[in-house]
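A.B. asks: One line per chain: the protein sequences are X and D, in this order.
Using the numbering used here, the first residue of the first sequence is number 1, and each one after it goes up by one.
Using the numbering used here, the first residue of the second sequence is number 320, and each one after it goes up by one.
Simulated from the structure, these hints should not be mistaken for laboratory data.
Be a bit skeptical, because a hint or two may be false.
What the hints assert, rightly or not - Beta-carbon label-pair distances, calculated as ranges:
(1) 257/X / 353/D: 24 to 34 Å
(2) 324/D / 276/X: 44 to 54 Å
(3) 467/D / 194/X: 35 to 45 Å
(4) 432/D / 139/X: 27 to 37 Å
(5) 374/D / 5/X: 37 to 47 Å
Stated by the list, open to error - Far from chain D by the CB rule (all over 12 Å, computed), these chain X residues:
(6) 125
(7) 235
(8) 286
(9) 301
From the three backbone atoms N, C-alpha and C, an ideal C-beta is built for every residue, glycine too.
2 protein chains.
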Amino acid sequence: MSEFDDIARLFRPLAFGAPEALNLQDDAAVIPSRPGYDLVVTKDAVVEGVHFLPGDTPADVARKLLRVNLSDLAAKAAEPYAVFLAVAWPAAIGAGARETFAAGLAEDLRAFGVVLLGGDTVSTPGPLTASLTTLGWVETGRMVRRSTARPGHRLFVSGTIGDGGLGLLAAQGGLLDLAAADRLRLVKRYRLPTPRLDLRATLLAQASASADVSDGLLADAGHIGEASGVGLEVALERLPLSPAALAWLAAQPDEAAARAWLAAAGDDYEVVCTARPESAAALAEAGFTDIGQVVEGEGVEASFQGRPAAIAKPGWTHS
Amino acid sequence: MSEFDDIARLFRPLAFGAPEALNLQDDAAVIPSRPGYDLVVTKDAVVEGVHFLPGDTPADVARKLLRVNLSDLAAKAAEPYAVFLAVAWPAAIGAGARETFAAGLAEDLRAFGVVLLGGDTVSTPGPLTASLTTLGWVETGRMVRRSTARPGHRLFVSGTIGDGGLGLLAAQGGLLDLAAADRLRLVKRYRLPTPRLDLRATLLAQASASADVSDGLLADAGHIGEASGVGLEVALERLPLSPAALAWLAAQPDEAAARAWLAAAGDDYEVVCTARPESAAALAEAGFTDIGQVVEGEGVEASFQGRPAAIAKPGWTHS
Numbered sequence: 001m002s003e004f005d006d007i008a009r010l011f012r013p014l015a016f017g018a019p020e021a022l023n024l025q026d027d028a029a030v031i032p033s034r035p036g037y038d039l040v041v042t043k044d045a046v047v048e049g050v051h052f053l054p055g056d057t058p059a060d061v062a063r064k065l066l067r068v069n070l071s072d073l074a075a076k077a078a079e080p081y082a083v084f085l086a087v088a089w090p091a092a093i094g095a096g097a098r099e100t101f102a103a104g105l106a107e108d109l110r111a112f113g114v115v116l117l118g119g120d121t122v123s124t125p126g127p128l129t130a131s132l133t134t135l136g137w138v139e140t141g142r143m144v145r146r147s148t149a150r151p152g153h154r155l156f157v158s159g160t161i162g163d164g165g166l167g168l169l170a171a172q173g174g175l176l177d178l179a180a181a182d183r184l185r186l187v188k189r190y191r192l193p194t195p196r197l198d199l200r201a202t203l204l205a206q207a208s209a210s211a212d213v214s215d216g217l218l219a220d221a222g223h224i225g226e227a228s229g230v231g232l233e234v235a236l237e238r239l240p241l242s243p244a245a246l247a248w249l250a251a252q253p254d255e256a257a258a259r260a261w262l263a264a265a266g267d268d269y270e271v272v273c274t275a276r277p278e279s280a281a282a283l284a285e286a287g288f289t290d291i292g293q294v295v296e297g298e299g300v301e302a303s304f305q306g307r308p309a310a311i312a313k314p315g316w317t318h319s
Numbered sequence: 320m321s322e323f324d325d326i327a328r329l330f331r332p333l334a335f336g337a338p339e340a341l342n343l344q345d346d347a348a349v350i351p352s353r354p355g356y357d358l359v360v361t362k363d364a365v366v367e368g369v370h371f372l373p374g375d376t377p378a379d380v381a382r383k384l385l386r387v388n389l390s391d392l393a394a395k396a397a398e399p400y401a402v403f404l405a406v407a408w409p410a411a412i413g414a415g416a417r418e419t420f421a422a423g424l425a426e427d428l429r430a431f432g433v434v435l436l437g438g439d440t441v442s443t444p445g446p447l448t449a450s451l452t453t454l455g456w457v458e459t460g461r462m463v464r465r466s467t468a469r470p471g472h473r474l475f476v477s478g479t480i481g482d483g484g485l486g487l488l489a490a491q492g493g494l495l496d497l498a499a500a501d502r503l504r505l506v507k508r509y510r511l512p513t514p515r516l517d518l519r520a521t522l523l524a525q526a527s528a529s530a531d532v533s534d535g536l537l538a539d540a541g542h543i544g545e546a547s548g549v550g551l552e553v554a555l556e557r558l559p560l561s562p563a564a565l566a567w568l569a570a571q572p573d574e575a576a577a578r579a580w581l582a583a584a585g586d587d588y589e590v591v592c593t594a595r596p597e598s599a600a601a602l603a604e605a606g607f608t609d610i611g612q613v614v615e616g617e618g619v620e621a622s623f624q625g626r627p628a629a630i631a632k633p634g635w636t637h638s
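Isolated chain X (complex conformation):
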């Protein structure tokens, strides 16, 4: 297999004709200045055997890598624009698997309106490894940061929490007591999360700080706290849970500990944000749940019905 053949055949179509890509035939891409906008840039890498499961297809890997990157942009209220891909193919990988990877990436690039502008393909004696650098646009100075939470602000999270962690357990063959439909739903959520790009306008208008929930709600809230120099209090009884997570929770012996586990499990790809109290109604309208508050101090404290709850495990660190 030749790098040039791979690029021409598999990846050139993924530029969707964007002139900035220069047909993937140049040393670099060239991105014109967009007056009135900042460029938001994030980079994530995945490794087979660490970040994805043996049963994941190459298409799933490519799609999840893109979605995880787009989740970062979503939390920043940025509009997705383009990606750069580096992929290291294992020696034993076949042409079919490489095509499947590119086809999965193509499908989701198209779905999210993003173009591939460049990258690098190499071979590796190790596992499939890929990194994506993802670019988005946001109006000048408007990116929602992690460092701008202030005491007195409330803490919110979008969607439901804990499904990613439960989905991983289900994908690994666990959670056999759950209904089959619930297990499937959780696995799907873990394998192919949906970046919350739909929250963009709400975050721009309402959020004082935000992050995506990848390492686990408590850990990611903690990142906001650390970057902002504030403490956070999370009321676990307010955690928004899916029907599947509620079914799992009902069978757990210690509700406080179980909720703390859900709040620490990763891979939800929701958005955790802070906002002034007067933003509560608009955030609720957009599907956010008020789960706590920003306080003076540092660290994250979780409680369940008014009593301190131990944070059983940190979020996934994948390292």
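Assemble chain D onto chain X, guided by the hints.
C.D. replies: For chain D alone, coordinates are given in the frame of chain X:
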């Protein structure tokens, strides 16, 4: 080892305080629009055992990865600005090796005036793998492309050619007939190439098309030809050679074949460009050598003293 500790301790200092990096504490970096400039973006990946030698230190790996990326920017006449790093650490790597990697990267970031704006660190059961996305600035519309060579233009290359390929042979224990000083010089050139950022003003003023010489002079000239829809003729007797390469050449039985090998060997990280004939004096002044011409047609034809020369091997493809 924790991803967050690694980022805070090893990589945060490499932002050199650039506000765009947001202290490497956010989901993304934010780059303000720079009116009057385009952003030039390139991405390269390296894998231990494929792109670097067992004896290379982690510092060498980081430095070469950066230099290879900067070489792409140099060929585009772009001014280096910032990088994003993804690194997959092998399970067995120690804290010392990770520190050495970061220290090597820091040294060269500083040397080339580039800041680290973000990235990702993960673990891998495979070999050390790293990818760098590198950003540079160029005045709007001025990036020197591969696709703009025209018949009648001359073909030029900077510096000397073949030292990278000979350096790899020497680093692998070969070329024992050469003087020790020559071998050392070649190995150094292979291990730590110097991106030709000094050619920026000349390329902007004179070049009609350009590429960096990474895959091999003939292959990279071929990339210009392919992107431009033209053919290229290279006169091997004009190849600029270092004293060490000349010493090697003198011992080869077939000069034409040996020169063709030097012109096909990779890792020189010089710049190959095309230009109108009237640019010849300015390019010679900047250290370029006229090695041939752009013609109608396609493909690269090499000759030695007027006779067609076989191109013995393609450039390294690393794949």
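A.B. asks: Taking the hints in turn, state whether each one holds.
C.D. replies: Hints versus structure:
1. Here the CB-CB span from residue 257/X to residue 353/D is close to 51 Å, at odds with the stated 24 to 34 Å.
2. Distance hint for residue 324/D and residue 276/X: a CB-CB separation of about 33 Å, inconsistent with the stated range 44 to 54 Å.
3. One distance hint, 35 to 45 Å for the beta-carbon pair residue 467/D and residue 194/X, holds here, with the actual separation near 42 Å.
4. Taking the beta carbon of each, residue 432/D and residue 139/X are about 29 Å apart, inside 27 to 37 Å as hinted.
5. The beta-carbon spacing between residue 374/D and residue 5/X, approximately 32 Å, falls outside the hinted interval of 37 to 47 Å.
6. Non-interface call for residue 125/X relative to chain D: violated, since the shortest CB-CB distance, roughly 5 Å, does not exceed 12 Å.
7. No Cβ of chain D approaches the Cβ of residue 235/X within 12 Å, the least distance being about 24 Å, so the stated non-interface status holds.
8. The beta carbon of residue 286/X is kept farther than 12 Å from every beta carbon of chain D, the shortest such distance being approximately 19 Å.
9. Every CB of chain D lies more than 12 Å from the CB of residue 301/X, the least distance being 19 Å, so the non-interface label holds.
In this structure, the hints that do not hold are numbers 1, 2, 5, 6, in rising order.
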